Amino acid sequence: MDSELRHRVEDFLYLEAELLDERRLREWLDLFTDDMHYWMPVRHNPLERPKELEEETSKPGESYYFNDNKETLGLRIERLYSKTAWAEMPPSRTRHLISNIRIKQDDGAELEVHSNFMVYRTRMEKDQDIFVGTRRDILRRVNGELKIARRRILLDQAVLGAKNISIFL
Amino acid sequence: MEIKSLIDPEGGLINRCIFADRDIYELERERLFARCWLYLGHETEVPNPGDFVAAYMGEEPVILWRDLNGRLNAFLNLCRHRGNRVCRADRGNANVFTCSYHGWTYSSEGKLVLVPMAEAFRELDRSEWGLIPVAQIDSYKGLIFATFDPEAPTLAEYLGDMAWYLDILLDRREGGTEVSGPHRWVVDANWKTAAENFGGDGYHIASTHGSARELGVDTTTSQTRQWNKGRQISCGNGHVLVAWICPPDDAGPWFAQPVVELASYMKEHAAEIENRLGAVRARKVSPSAGTVFPNFSVHWLTRTIRVWHPRGPDKMEIWSWAIVDKAAPAKIKEAMRFVSQYRFSPTGVFEADDMDNWIQVTGAAHSVIGRRFPANYQMSLSEEIAETDLRGRLASRWSDSNQLSLYMHWAKVLEAQNWSAIVSAK
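Same order as they appear, the protein sequences are chains C and V.
The opening residue of the first sequence carries number 1 in my numbering; numbering runs sequentially from there.
The opening residue of the second sequence carries number 1 in my numbering; numbering runs sequentially from there.
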């Protein structure tokens with residue numbers, strides 16, 4: 001994998017994290033392709049050590065935290081700009097730390113990129129949550145720019161330790 | 001402590017210490033969660049012999065387990081030897097559970113079938129050391145409930161008129177329902193704040209969920225929602241729900257349905273639904289949310305069911321499922337699940353906004369000064385109630401009647417020494 005591509009991908013993911021942390025959510029949505037899928041399954045504890053990690057996560061069509069297309073994700077974002085989206089009023093202060101970036105595949109048109117995240121959220125006086133997990137993205141080259149065509153977010157927690165997920169991962 | 005004195009139904013006042021007091025909480029664990037029928041899971045989660053799901057009854061970890069003969073059982077998840085949990089998985093299929101600590105092994109009927117080094121125990125009668133079963137287990141149209149109290153009335157008696165309203169969600173189509181989930185998350189709020197909210201709080205929607213309404217996310221199948229034609233309904237035994245009365249030309253109970261396919265699905269099966277439910281429940285009464293006492297709630301409108309598991313006076317763990325018609329085509333089920341989870345789940349555009357309210361109501365119960373001033377439950381719009389074809393006691397939607405009957409029943413259960421005292425105190 002050439003280091004120039006690695007730098008481009010890293011820069012892209014860091015820019016994305018910056019937009020989220022600066023609450024520039026409409027600009028963040030622009031980083032996605034129009035046919036995007038933003039998916040975050042739930043996890044459970046298996047009886048036996050699974051052969052594949054996927055065996056302990058919900059499948060497409062089962063339950064999920066997010067299963068959004070651009071329209072439904074956009075509605076979530078527009079809601080936050082209204083005056084009565086109380087979960088984010090006052091807004092969360094977040095820090096998206098993105099690491100372990102791996103370019104798994106590149107077919108020329110699309111890249112499969114894996115990364116880990118640790119997202120710190122604090123809100124109001126002293127609310128604190130830490131969301132930790134991994135992302136599996138399909139990044140597409142569109143007019144010389146990278147866009148997110150698919151994102152699967154896997155949270156490490158089985159029972160979510162937070163009162164809600166009113167931010168984006 | 002005199003529990004009933006904390007609730008003043010005539011004055012519409014509640015002492016907010018009920019949301020924070022440790023002694024009250026311990027009493028709830030003994031007299032409420034160890035006695036009432038509590039929701040464990042859905043039959044479609046454990047269809048085959050050996051299938052199990054981990055659940056809770058209050059703070060008690062239990063295993064809902066279909067035995068090898070196909071019978072449903074539920075046991076305390078506790079090895080009779082030292083008390084280790086025998087099951088650490090959330091769900092799966094097992095013929096036996098073997099305790100990780102010393103290897104005591106239990107069958108799906110709860111029998112202690114193997115004790116390593118059994119010869120070293122003096123007179124160990126294995127038949128006396130099986131898993132601790134619930135006292136009664138039963139299901140209502142797919143929903144499995146259990147109680148640790150052998151004296152509790154049957155599930156059918158316990159649900160009473162609430163079952164009639166549950167049918168509007170559970171019995172629309174042949175085959176009933178199926179669930180997906182659960183979502184599980186932890187909130188620093190007393191479990192009753194949520195139970196009371198789902199049990200009748202139509203009042204909070206305009207303020208708490210203003211943003212979702214602004215964006216049109218609360219659209220329903222009804223084009224003619226009459227906001228004022230709503231009813232609080234108290235079914236007795238602490239079960240409460242809030243419902244709308246549909247106009248005569250309406251298509252019947254409303255569901256949150258932003259996609260055209262769902263609206264046509266309902267139209268397509270209108271005859272079957274009316275055949276199963278009758279005209280009143282198929283077309284006239286449209287429940288939105290309710291609570292089966294004490295901590296199981298239903299949201300008909302968005303097809304979610306959930307349990308508010310107590311985790312101390314200041315904390316609860318929410319377990320929430322989407323529930324859909326089993327007979328629906330895969331694409332319709334998927335659309336229904338999306339409608340449900342997009343609105344009600346930790347990421348739900350409605351539910352996310354509820355949490356801080358409940359957390360802060362719980363926090364207020366710790367305020368020394370705040371506790372000197374009771375909480376207000378005085379809403380009671382007086383209104384002619386014409387619906388003689390509905391069940392339960394009806395009040396205006398704009399009322400605290402449901403909340404007060406829930407808390408009156410709660411006080412009665414906490415004060416009663418046993419089930420016969422609860423029943424006779426009616």
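In short, the hints are calculated from the structure, not lab data.
Check the hints yourself; a few may be wrong.
[Claimed, not checked] Only some residues are given here: those of chain V computed to face chain C with a beta carbon under 8 Å:
# : residue
1 : Gly92
2 : Glu334
3 : Gln341
[Unchecked claim] Here are the simulated EDC-like cross-link-like pairs (lysine to aspartate or glutamate), alpha carbons at most 16 Å apart as the crow flies:
#  : chain 1 : residue 1 : chain 2 : residue 2
4  : V       : Lys229    : V       : Glu214
5  : V       : Lys331    : C       : Glu62
6  : V       : Lys284    : V       : Glu334
7  : V       : Lys315    : V       : Glu119
8  : C       : Lys147    : C       : Glu112
9  : C       : Lys83     : V       : Glu214
10 : V       : Lys326    : C       : Asp127
11 : V       : Lys333    : V       : Glu268
12 : C       : Lys126    : V       : Asp188
13 : V       : Lys326    : V       : Asp250
14 : C       : Lys59     : V       : Asp249
15 : V       : Lys333    : C       : Glu62
16 : V       : Lys315    : C       : Glu112
17 : V       : Lys412    : V       : Glu30
Being a predicted model, the structure only gives us computed values, none of them experimental.
Glycine included, each C-beta is placed from N, C-alpha and C at the ideal position.
Worksheet item: Hints broken by the structure, by number, lowest first?
Response: Structure breaks hints 4, 6, 7, 10, 13, 14, 16.
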